[in-house]
Amino acid sequence: MKGHNPSGSAIGTLTVPPATLKSDTVLQLVIQAASQHQLIVKTPSKGGVLHLELLNGVKLTHRNSILRCLCGMGLHNALDCAPHFLLGGHAAPSMAAPHHAMALASLSSWMSVADQVRTSNYAAAVDKSLMEDVNNHLETRAFLIDSPSMTLADIDLAVAIVSKTTDMDAVITAYPHLHRWLSTIQEGMKQLYGLPLSSKTPVPHAAPSEGPQLFFFGNESGVEIPKVATPASTEEPKGGGDKKGKNQQQQQKQQQSKKDGKASNKPAKDASAPAKQPTTAASDSFDVSALDIRVGQIVKVWHHPEAEKLFCEEIDIGEEQPRQIASGLRPFYQTSELENRRVVVLCNLKKRNLVGFPSHGMVLCASNDDHTDVECMEPPADAKIGERVTFDKYTGDPEPENKIAKKKIFEVVAPDLKTNSDGTCVWKDSVSQTSAGPIKASKGMPNAQVA
1 MKGHNPSGSA
11 IGTLTVPPAT
21 LKSDTVLQLV
31 IQAASQHQLI
41 VKTPSKGGVL
51 HLELLNGVKL
61 THRNSILRCL
71 CGMGLHNALD
81 CAPHFLLGGH
91 AAPSMAAPHH
101 AMALASLSSW
111 MSVADQVRTS
121 NYAAAVDKSL
131 MEDVNNHLET
141 RAFLIDSPSM
151 TLADIDLAVA
161 IVSKTTDMDA
171 VITAYPHLHR
181 WLSTIQEGMK
191 QLYGLPLSSK
201 TPVPHAAPSE
211 GPQLFFFGNE
221 SGVEIPKVAT
231 PASTEEPKGG
241 GDKKGKNQQQ
251 QQKQQQSKKD
261 GKASNKPAKD
271 ASAPAKQPTT
281 AASDSFDVSA
291 LDIRVGQIVK
301 VWHHPEAEKL
311 FCEEIDIGEE
321 QPRQIASGLR
331 PFYQTSELEN
341 RRVVVLCNLK
351 KRNLVGFPSH
361 GMVLCASNDD
371 HTDVECMEPP
381 ADAKIGERVT
391 FDKYTGDPEP
401 ENKIAKKKIF
411 EVVAPDLKTN
421 SDGTCVWKDS
431 VSQTSAGPIK
441 ASKGMPNAQV
451 A
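Using full-length UniProt numbering, read the sequence shown as starting at 1 and increasing by one per residue.
Heads up, a few of these hints could be off.
[What the hints assert, rightly or not] Simulated pairs of lysine-lysine, PhoX-like, Cα-Cα distance not exceeding 25 Å:
(1) Lys406 - Lys384
(2) Lys393 - Lys407
(3) Lys428 - Lys443
(4) Lys428 - Lys406
(5) Lys200 - Lys190
(6) Lys128 - Lys418
(7) Lys443 - Lys350
(8) Lys407 - Lys350
(9) Lys408 - Lys418
(10) Lys393 - Lys403
(11) Lys59 - Lys42
(12) Lys200 - Lys128
(13) Lys351 - Lys393
(14) Lys384 - Lys407
(15) Lys128 - Lys351
(16) Lys350 - Lys406
(17) Lys59 - Lys309
(18) Lys42 - Lys22
(19) Lys393 - Lys408
(20) Lys300 - Lys350
(21) Lys408 - Lys384
(22) Lys384 - Lys309
Hints are computed from structural coordinates only; laboratory data are not their basis. Predicted, not measured: the structure shown is a model, and the values here were computed from it.
Can you build the whole structure from these sequences, using the hints too?
Quick look at the structure:
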């Protein structure tokens with residue numbers, strides 16, 4: 001038992017069966033990082049189930065919920081600040097902006113993916129599909145979500161993938177971004193916590209690429225990628241003595257020129273010339289018209305066979321064939337509630353596999369800050385299937401799918417996509433419009449994020 005805490009100042013008691021603790025590296029890591037003054041850990045010799053009891057009477061039994069609680073508010077965010085940032089620095093009460101809520105929702109989703117890897121048969125097809133998805137996601141990211149360092153989701157998914165991988169050499173050859181990420185997580189776990197990513201299958205160190213490996217969150221303005229000078233060789237080249245002498249002579253001439261008061265060859269700066277304006281990131285110019293949002297109707301829906309939180313859907317959006325889209329709505333809706341339901345779909349997202357299912361778009365929903373309440377956005381009853389949803393004065397054409405992904409346009413625009421006080425979807429101060437009126441949250445959820 002860690003920390004008997006005689007002063008009674010602990011704010012939580014975690015009960016962990018020994019077998020569970022032995023097999024769960026992520027749980028070991030969080031327990032090790034937590035202060036014994038805040039958390040009491042009990043390991044009963046016989047029986048028992050994993051659960052966390054907080055001082056305020058709340059009891060949690062789901063592993064992922066327990067881990068997120070211990071890294072966040074459960075321990076006063078002690079594990080979501082330097083050097084840990086296990087929730088990416090998004091859990092503090094001051095972090096109330098929509099993009100923080102979206103980051104935490106993304107973290108939760110990635111942990112659900114890790115669950116599926118651990119508990120499924122992890123067939124070869126799913127294995128390849130997942131590897132491709134994660135590799136593509138990490139192409140322009142250091143970590144799974146916006147974070148200054150690895151998060152709980154990074155560690156959880158990395159441990160799960162490595163534990164199920166039988167041919168690591170094939171993985172690192174085919175998926176370089178995945179390899180770099182696994183190597184980073186492995187090194188971070190070793191340095192911060194003294195724990196291996198895997199005791200059976202260590203990940204070979206990823207060789208650094210030429211030049212700096214830089215990642216941006218997509219909302220910086222005026223960012224310039226620094227040029228890296230090529231280091232000078234320590235071995236003097238042939239004829240190096242002559243070159244050295246010429247350099248010394250040139251330096252002596254420059255010094256003499258300064259003494260003689262000779263004018264510099266550099267043109268004088270014109271004070272009347274306008275100052276150079278700072279550059280602005282291209283993403284700043286995008287608005288909601290870049291998104292292709294359309295009225296749709298779900299014509300078929302079924303449970304994803306490998307992911308307990310996902311529905312698979314076929315949605316009519318006015319194209320020749322219905323779109324296949326996966327949505328994380330199973331905790332909030334029954335199948336019967338979605339069949340033939342009219343919905344609002346973000347259409348210009350690139351097709352990607354979600355746990356093996358090819359998903360091409362996203363059903364837009366309103367959700368509260370902690371993502372415990374979700375409502376589908378609904379078009380008016382008379383709105384036409386396939387018609388585009390617009391927003392007042394923003395009338396531009398939607399951007400192509402590849403640009404939406406490359407420029408991270410949705411991530412830029414999404415924080416201002418919300419419901420107003422009566423549940424109507426707005427972007428900034430502009431109200432959504434169809435031929436029959438605005439779109440709204442199905443039950444009128446007010447002041448909620450829409451994504």
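Which constraints among the numbered hints does this structure fail? Numbers only, ascending.
Violated hints (numbers, rising): 1, 6, 7, 13, 14, 21, 22; every other hint is consistent with the structure.
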